[in-house]
Amino acid sequence: MSLLQLDHLQVNIGQQAIVRSVTVSLEAGEIGCLLGPSGCGKTTLLRAIAGFQPVATGSISLAGKTVSAPAFTQAPEKRGIGMVFQDFALFPHLTVADNIGFGMRHASHAEKLLRVDELLERISLPGYQSRYPHELSGGQQQRIALARALAPRPRLLLLDEPFSSLDAELRERLAIEVRELLKKEQITALLVTHDQQEAFAMADKAGVMYQGELLQWETPYQLYHQPRHQMVADFIGHGVLLQGTVNASGAMASPLGMLEHPSLNNVEGGTPVNFLVRPDDLVPDPKSRLRGRIKARGFRGAHNLYSVELVSGVEVLTLSPSHEQLEVGSEIGLRPDFDHLVVFAADHCELPGFHSQAPAFKPVLPKAQTA
Amino acid sequence: MLSKWRQISLVASALMLGLPLFVIVAALLALPLGGDFTTLSHLWDTVIPEYVRHSLLLMLGVAVGVITLGVGTAWLTTSCRFPGQRILSWALLLPLAMPAYITAYTYTGMLDYSGLVQTSLRDAFGWGYGDYWFPQIRSLGGAIVVLSLVLFPYVYLITRATFLQQSATTLEAGRSLGLSPWQCFWRIALPLARPAIVTGATLALMETLADYGTVQYFGVTTFTTGIFRTWYGLGDLTGALQLAGLLLAAVIALILIERWSRKQARYDQRNPRPAAPFQLRGSKAWLASAACWLPLLLGFILPALQLTSWSIERWQVWTDADFWQLAWNSFALAFTAALLVVTVALWLAYGRRQLPTKLVRTSVAFAGLGYAIPGLVIAVGLLVLLSGADQMIIAASESLFGWDPGLLLSGTLFALLFAYTVRFLSVALQTVQAGLAEIRPSMDEAARIHGYRPFQVLRAIHLPLLRPSVLTAIILVGVDVLKELPATLVLRPFDFNTLAVRAYEMAGDERLADAGPPALMMVMVGLIPVILLSRAMLKSQQHALKEQDFVPVTA
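As given, the protein sequences belong to chains L and Z, one line each in that order.
In terms of our numbering, the first sequence opens at residue 784 and continues consecutively.
In terms of our numbering, the second sequence opens at residue 33 and continues consecutively.
Simulated from the structure, these hints should not be mistaken for lab results.
The reader is advised that the hints may include incorrect statements.
Derived lysine to any residue pairs resembling SDA-like cross-links, with alpha carbons at most 20 angstroms apart [said to hold, decoys possible]:
(1) Z:LYS390 <-> L:GLY797
(2) L:LYS848 <-> L:GLU860
(3) L:LYS861 <-> Z:SER474
Work the whole structure out from these sequences, hints included.
Laid out in structure tokens, this is it:
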């Protein structure tokens, strides 16, 4: 039995559906992560799970018990959930110890002290008991907020963009620390973020939300290598979508030449398709017949990310180790090397939920995520 | 369901607070609709042109006065460094502790024929009566000077915040484009501060329109004195209501100007590096110092010294039981009113936070308009309303029980408390809302998710966090109530006196020295909110004063 089960959940704010038809399940001890651009409804979904938002249709169950359904919302204080807020929401009039012990209402004084000491030790801030929140740095406040949410040993921990107000370096280190802490405490957690590095660092399962819909709910590996939706492919990692046509023999005519891959076997001949090209799917190879000219180079530390314009005018991305510098403007040969080939039907790539009123999103060569 | 009732009750409270204004507006609207212009046209033929002329001249003079004094001192204390600049930057708020009418009394005491100045002149030169010319302080000009000296801190405070916000790069850009420091002030700093100057000046003008004590004592006929005279002198209630309506219209025009100027005040300069101050030396430093000390000397130090000297001269008053009874009356009334007003403010502020529908927000904003409405207008409207209600109660009671309960509403402290609530609610509302804004919604949610029920959240989180702003609100409202003259004068129960009324009566009887002790007491208490304000001002020195922090402190 899953610990958290969302079943065809729809959440409205006013008349507007902010979350629509989301189905998710999270097993005990797992860390889930909802990714998505801001305004996609992920925070609203989290607040619905916490009990701050009523649901319009569908249901939320915790350990098999329904806690939210239309016309029924169990009060947040009765759910046994912990939550880390985006702005931390530490109580400014309470000390660190009082903040952490705030939710342990039925514990004895000694138990509280013990637990506070233990948690401060785990978040490597021992001895901070009598400080006040305003005396702490952003990263310290974040960890105190986490400790406060963990102190009553909640069944489920919700984290709303917990690292967004911290700087990039701290963010990555904390994400790993928090994952270790959650695993040590054996806490089931659901995290909301717009930062995929954070999601990859923390999550056992992840999903991309877009305009209120959950597009995919699988492991981060699958999201990256086997996106089921063009929006997922576009949102996760670098890459470009190219057009191709599958012929009768199961090969695909594309700007990269004829490509063959097992995944093309079940595509009907003559179908126009879009397929995803990650930078690591194209290997620089001077002997290759596929030629292009380097338009831009981005230094990424261990490697360079090149934007290459093929002879056909199509632009793709490729990687090469940073010690072999290739100059902008020089010619380069590329060899396709697809481990996974992700193919979408070309006529089925509209935004989710907008089949009738397809917006100005042209399926032809969506812009690659250049960074 | 519950929230629906709550919403209705919030709207009802706001409407209730608006009742006295509705009475005035109705009286004004009844004119064109009812077509009975006899009273008004009579007033137009006789006194209104004079009221309008005097009120306009007064406003014009005060506007020039407060802008000159306020902007000048604000620019000098923010952008220049000279001896005393640090003390002056907060001390320039002190005149706010002086009720304008008290300052008027002290200057009369100093400058009229038997005052210290003229007596000394006569002694020194051996002049007699009529041998020399001396400006008459009890005149329109005198009123302009006194009101400007008391009200300029409004402009000073708000303009100063803007000057502090102006980033160094803007001024440096001006210098690099060939402007001298003076040209920088005229062509960059001043235009940037214009919305703030307009805001400060309109606040000062609202106080000017609301003033009764000063103009009455100086014998200047304006709208407020006109309302009083039409009512008490001529017994003409309709005429008084109509005059109040005209005054209300003028105030609303000022409110609109102020709103508009606040909307313009969006010359936002993000995270500015404060401009390097000009280090003044030698004669320039002394001149700047004198220019700032003079308004402080005239607006606070001299009047306060005069009050002290009167209080020493009449030291017997301090041992008089009657006087302490009076003080007790005032403080008890102020405290009760403050508690009431803050309770209402909390009720409305929480309503707005938890039910932020458009209807509720509009209602709460409406309830907070009272700060601009002259106390006399509120008092007149309320008295008409309550005496009507009293007549109905008396009639009903006599027909049912054959017993006359007397004036239950208009003749008791109820009327006074009602008027104070209407007038000072916005002071409390602004303070409480600012405090409430510090408690982010996520803190409520954090407490809920830790197993606290809504009421427990209130006790564990809101009560401790809100305590300072509630205390501040009680102090601010209490002091305002203590100093409020016209509304108290009109609505106080028979034989009920306060410090403000006593000072007014003593001055009216030409017993200025006897007005000293009650006035001094009011000024000393009035210093508390000024100290709070100056502390808030200095605290937000770097990120400048937000508009929210600004609460009018004079009555």
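Hints, one by one, checked against the model:
no., hint, result
1, Z:LYS390 <-> L:GLY797, "holds, 13 angstroms"
2, L:LYS848 <-> L:GLU860, "holds, 16 angstroms"
3, L:LYS861 <-> Z:SER474, "holds, 18 angstroms"
Going down the numbered hints, you'll see the structure goes against none, and every one checks out.
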